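Starting from the given sequences, assemble the full structure and let the hints guide the process.
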Amino acid sequence: MQSMLQILDFLGVAVFCVSGALVASRLRLDIVAFLFFGVFTGIGGGTLRDLLLDAPVFWVVDQAYLVVCIVISLLMWFLAGQVERLGSPLRWADAVGVAAYSVMGAAKTLSLADAPVVAVMMGVATATFGGIIRDTVAGQPNALVKPEIYLTSAFAGAGVYVTLAEFGVPAWPAAIAGGCAALLLRGGAIQWG
Amino acid sequence: MQSMLQILDFLGVAVFCVSGALVASRLRLDIVAFLFFGVFTGIGGGTLRDLLLDAPVFWVVDQAYLVVCIVISLLMWFLAGQVERLGSPLRWADAVGVAAYSVMGAAKTLSLADAPVVAVMMGVATATFGGIIRDTVAGQPNALVKPEIYLTSAFAGAGVYVTLAEFGVPAWPAAIAGGCAALLLRGGAIQWG
Amino acid sequence: MQSMLQILDFLGVAVFCVSGALVASRLRLDIVAFLFFGVFTGIGGGTLRDLLLDAPVFWVVDQAYLVVCIVISLLMWFLAGQVERLGSPLRWADAVGVAAYSVMGAAKTLSLADAPVVAVMMGVATATFGGIIRDTVAGQPNALVKPEIYLTSAFAGAGVYVTLAEFGVPAWPAAIAGGCAALLLRGGAIQWG
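Protein chains in written order, with this note's numbering: chain A, 1 to 193; chain B, 194 to 386; chain C, 387 to 579.
The hints are simulated quantities; they were obtained by calculation from the structure and are not laboratory data. The structure presented is a predicted model; accordingly, all values stated were derived computationally and were not measured. Treat the hints with care, as some may be off.
Estimated spans, in silico, between C-beta atoms of each pair [what the hints assert, rightly or not]:
no.: 1; chain 1: A; residue 1: 168; chain 2: C; residue 2: 450; range: 47 to 57 Å
no.: 2; chain 1: B; residue 1: 304; chain 2: C; residue 2: 552; range: 40 to 50 Å
no.: 3; chain 1: C; residue 1: 412; chain 2: B; residue 2: 373; range: 28 to 38 Å
no.: 4; chain 1: A; residue 1: 61; chain 2: B; residue 2: 249; range: 11 to 21 Å
no.: 5; chain 1: C; residue 1: 570; chain 2: A; residue 2: 27; range: 55 to 65 Å
no.: 6; chain 1: C; residue 1: 461; chain 2: B; residue 2: 280; range: 35 to 45 Å
no.: 7; chain 1: B; residue 1: 223; chain 2: C; residue 2: 497; range: 41 to 51 Å
no.: 8; chain 1: A; residue 1: 10; chain 2: B; residue 2: 249; range: 19 to 29 Å
no.: 9; chain 1: C; residue 1: 453; chain 2: B; residue 2: 280; range: 26 to 36 Å
no.: 10; chain 1: B; residue 1: 373; chain 2: A; residue 2: 30; range: 31 to 41 Å
no.: 11; chain 1: C; residue 1: 447; chain 2: A; residue 2: 56; range: 14 to 24 Å
no.: 12; chain 1: B; residue 1: 220; chain 2: A; residue 2: 184; range: 23 to 33 Å
Cβ atoms here follow ideal geometry from the backbone N, Cα and C, with glycine treated the same way.
Here you go:
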C-alpha cells in the first residue's frame, strides 16, 4: 500500500510537471518560468491533499519529489519542441496525471480514515488542483469554466477505486481499475471528443 | 457553544453552496460543474479557517457536510430556474452566508485562543473566501477589485460578535447580534444600494 | 536565530503590506480595500510557508503582525500620494520584501529540518506568494506569466543563504549576504532593467 502510494505519487508528479513545462513552452517563457510552472503544477494537487488531510506535506518530507520536478523542468527546457511533435502531449500528460492522482488522493484518504465520500472528493481535488492553478496562472480561463474536462475523469478514477476498496478489493487491482476508468474517459475524449 | 458552531456551519455551507450552484446556472454549465461550484463555494471559507487555525478540516472529520453540498447542488440543477424567480437569490444567499460564516469564523477562533484581532480577521477570511474563489473561477473580476461588497458586511458580523464576547455576552446572543449586523449592512445594500 | 527570524518577519510583512496598499491606491479603491490588500499581501507568503511546514501560522500565534498590517494600511490610506512621489516605491517595497522573505523562508525551513532543496523552494514560495496573489486579485496578469521578476531574485536570496548555511556560516552573515544578493539582482533590474 505504502509503496503503491509512492509509485503513484512519483508518476503523478512527473507527468503533471511535464504538463506545466509544456504550458511554459507554449507561452515562450524563460527557464525560470519553466521551473516555476513545472514545480507547482507537479506538486500542487498532492500539496492540497496533504494540507486538507493534516498529513505532512509529501515534498517537504522527501526532497526527491522536488529534485524530480527540477530535473524534468530543465530537461523540458531543451526537449519541449521534440515532445510537442508527439501529438497532443499536453492532453496525454494531463490524462495520465489525473488518473494517477485521483486514485492516489482517494487511496491516501482511505489509508488515514474510513470516509468514502471524503476519499472521492479528495481524489478529485488532488487530481484537478495542479492543472487548474496552472491554467489560471497561464491566463487560460476556459479550463476553469469548463471544469468537466478534469472533473469527470477524476470522479471516475476516485469513484471506481473507492467503490472497489469498500467491497474489499485489494489496493493494486482497485488502483489499476480506477486509473483505467479515468484514462478511458479522458483518452476517449481526446481521441474522439 | 459547540452546537452553535455546528448549526452556523451547516447554515453557512448550505447557503454558500446554493450561491455557487446559482453561478453555475447563470453560466449554463453542466451538472458536474454544478457539483464543483456548489461544493467548493460551500466548504471553501471554513476550509481556509481550519487550515489557518491548525484545526482538523471540518468536512474531512464529518462527511455530512459534503453530503449536504452534493444534495443541494443536485437539487439546484433541477430548481435553479425557480429559485432565480425569487428575486436576487444569489445576493441573499451570499448575504446570509457571509453573516453565518463571519460569526462562526470568529467564534471558532475565540474558542481556541484568546486573540480578538485574529478572531475578527478569521471571521472576515472565512466569510469571504468561498465567494471570492467562486467569482474568480467564474471569471467575474469585479467582485475582487470591489472586495468591500463582502468585506464590510463580514467585518460588521465578526466585529460585533468579538466585541460582545470580549465583554462577557454569552455565545448565542452575541452570535445573533453579529449576524443581524452583517445582514442589515448587506441587506440594506441589496435593497437600496 | 529566533530573533533574526522575527525581525525579518516584521520587515517582510511591513514592506509587502506597503506594496499591497500601493496597489489599492493605484486602483483608487476605498479604505476597506486598502486593509484587504495590505493585510493579505503582508501575511500571504509567510502563511503559505507555515502551512506547508506544518508550523503554527505566525500571525495566529502573535497578534502583533496583524496590528502592524492594519496600522500600515490605514497610514497608507492617508500617505499613499506622498509615498508615490518617492519614485518607484512599489518596486522597491517589493524588492525589499522579496529579499527579507526569501531568506526568512529558507532559514525557518532549515531551523525545522535538514533539507536544503526544500529550504530554497520554501524561500522562493514565501517571497513570491504575497505579490503574485496581490497582482492576480488586482487583475494584473503580466506579473504571473512573467514570474521571473519575482523568482530570480527570490532564488538568489534563498540560494545564497542556504549555500552559506550548509557550509557552516552563522545565521546573520548568511542572511545579510542572501538579502544583498536578492536586492542587487532586483534593484539592478529596477534601475537599469
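Comparing the hints with the structure gives:
no.	hint	in the structure
1	A:168 to C:450: 47 to 57 Å	holds, 54 Å
2	B:304 to C:552: 40 to 50 Å	holds, 43 Å
3	C:412 to B:373: 28 to 38 Å	holds, 36 Å
4	A:61 to B:249: 11 to 21 Å	holds, 20 Å
5	C:570 to A:27: 55 to 65 Å	violated, 28 Å
6	C:461 to B:280: 35 to 45 Å	holds, 42 Å
7	B:223 to C:497: 41 to 51 Å	holds, 49 Å
8	A:10 to B:249: 19 to 29 Å	holds, 28 Å
9	C:453 to B:280: 26 to 36 Å	violated, 42 Å
10	B:373 to A:30: 31 to 41 Å	violated, 54 Å
11	C:447 to A:56: 14 to 24 Å	holds, 20 Å
12	B:220 to A:184: 23 to 33 Å	holds, 28 Å
Going down the numbered hints, you'll see the structure goes against 5, 9 and 10, while the others check out.
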